[in-house]
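Participant: In case you want the letters, here they are:
Number of protein chains: 2
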Amino acid sequence: MGLKFEEEDFLACCASTKFAKEMAEASPFSSLDEAVTAARDIWFNKVDVSGWLQSFSAHPQIGNSPSPSSHSTSAQWSKGEQATAVATATSSSLQELAEWNAKYRQKFGFVFLICASGKSSDGILAELKKRYPNRPIVEFEIAAQEQMKITELRLAKLFSAKENVTSTGNK
Amino acid sequence: MGLKFEEEDFLACCASTKFAKEMAEASPFSSLDEAVTAARDIWFNKVDVSGWLQSFSAHPQIGNSPSPSSHSTSAQWSKGEQATAVATATSSSLQELAEWNAKYRQKFGFVFLICASGKSSDGILAELKKRYPNRPIVEFEIAAQEQMKITELRLAKLFSAKENVTSTGNK
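Sequences listed follow chains H and P, in order. Quick note, the first sequence lines up with residues 1 to 171 if you use this note's numbering. Quick note, the second sequence lines up with residues 1 to 171 if you use this note's numbering.
Worth flagging that the hints you see were computed from the coordinates, not collected in a lab. Among the hints, erroneous ones may be present.
Pairs count within a copy or across copies, as identical chains cannot be separated in the list.
[Said to hold, decoys possible] With a Cα cut of at most 25 Å, we get these calculated BS3-like pairs of lysine-lysine: (1) Lys157 with Lys130; (2) Lys130 with Lys4; (3) Lys18 with Lys157; (4) Lys149 with Lys107; (5) Lys103 with Lys21; (6) Lys129 with Lys18; (7) Lys157 with Lys119.
Work out the full structure: start from the sequences and follow the hints.
Facilitator: Structural data, given as structure tokens:
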């Protein structure tokens with residue numbers, strides 16, 4: 001028997017309601033691999049473009065922490081994913097990142113999305129500048145691919161949390 | 001001196017406010033060709049994905065007339081563009097078209113968009129069925145290309161209407 005999750009668990013991985021609903025229907029999954037395969041199929045083939053925008057809008061701006069009052073799983077994970085960026089940032093690089101984030105949002109209508117895990121503040125800024133000249137539709141698809149990378153990392157966290165609980169419970 | 005148009009004129013060609021605003025700023029145009037070149041650049045490089053969705057949402061469902069109370073330029077043009085489809089439709093083909101339109105909208109979240117000018121009802125239905133299996137992002141870009149074809153036809157109508165007025169005025 002595989003691990004069973006709820007819509008709420010999947011929403012913390014990727015904030016599209018369609019994604020979370022379809023994942024909950026497809027679960028239980030016998031392994032993380034099986035969950036990732038299902039997630040990729042749902043995300044790229046079934047979630048429509050409004051669902052992509054819905055999930056993008058749940059991300060804090062890179063370089064900004066989620067608000068201190070935010071204790072959701074997603075906000076906590078986001079904080080962890082940006083830990084390297086925060087540790088490597090100077091106040092001037094944070095300032096430049098904030099300016100480019102604003103420029104990006106102005107052009108594309110959504111937040112700059114990148115799987116930040118392990119990336120330095122300068123690395124993220126360089127990537128933002130490189131992606132900025134893209135056509136909106138090109139950038140939209142890149143952002144969706146980054147969202148999928150984030151989703152995969154978070155699914156792994158979800159599985160590892162649940163497995164710990166299960167093995168503790170079995171002791 | 002070229003022909004000068006207002007935002008409202010361009011909104012009737014393509015109902016993205018960003019598109020209309022940028023076109024009005026880029027006008028006057030010395031020729032239709034120049035206007036089409038500007039329109040392509042604005043549509044594909046500057047209008048963001050929300051702007052694409054905004055323009056899609058202004059189209060009536062293919063096979064449905066705009067409501068009788070609708071006297072806007074865009075609604076009248078849309079009626080003209082669908083004239084062949086309406087003339088070649090039987091009640092059963094209209095029924096099938098309505099069913100597939102609903103299926104399409106359910107999957108993609110926006111209306112099935114096609115440059116209908118000169119196309120029969122059966123031709124449109126065949127195209128809808130062919131496009132339906134596409135991934136949402138692929139279909140989104142195809143719909144944007146169809147919107148551009150419609151925009152080009154409408155820009156031509158705009159120019160020819162304005163030229164008629166101008167030449168009449170010069171007599």
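Participant: Could you run down the list of hints and mark each one as holding or not?
Facilitator: Hint by hint, here is what the structure shows:
1. In the homo-oligomer, the alpha carbons of Lys157 and Lys130 never lie at most 25 Å apart, since the shortest distance is 30 Å inside one protomer and 40 Å across protomers.
2. Proximity of Lys130 to Lys4 under the C-alpha cut-off of 25 Å is found in neither arrangement, the shortest distances being 40 Å within a copy and 37 Å between copies.
3. Within a single copy, Lys18 and Lys157 get their C-alpha atoms as close as 21 Å, which meets the 25 Å cut-off; across copies the closest is 41 Å, which misses it.
4. For the identical chains of this complex, Lys149 and Lys107 are neighbours both inside a copy (23 Å) and across copies (24 Å), given an alpha-carbon limit of 25 Å.
5. Taking identical chains as interchangeable, the C-alpha atoms of Lys103 and Lys21 lie at most 25 Å apart only when they sit on different chains, with a minimum of 19 Å there against 34 Å within one chain.
6. For a Cα distance limit of 25 Å, the shortest separation of Lys129 from Lys18 across copies, 23 Å, qualifies, whereas the shortest one inside one copy, 31 Å, does not.
7. For the homomeric pair Lys157 and Lys119, the shortest alpha-carbon distance inside one copy (18 Å) is at most 25 Å, but the shortest distance between copies (52 Å) is not.
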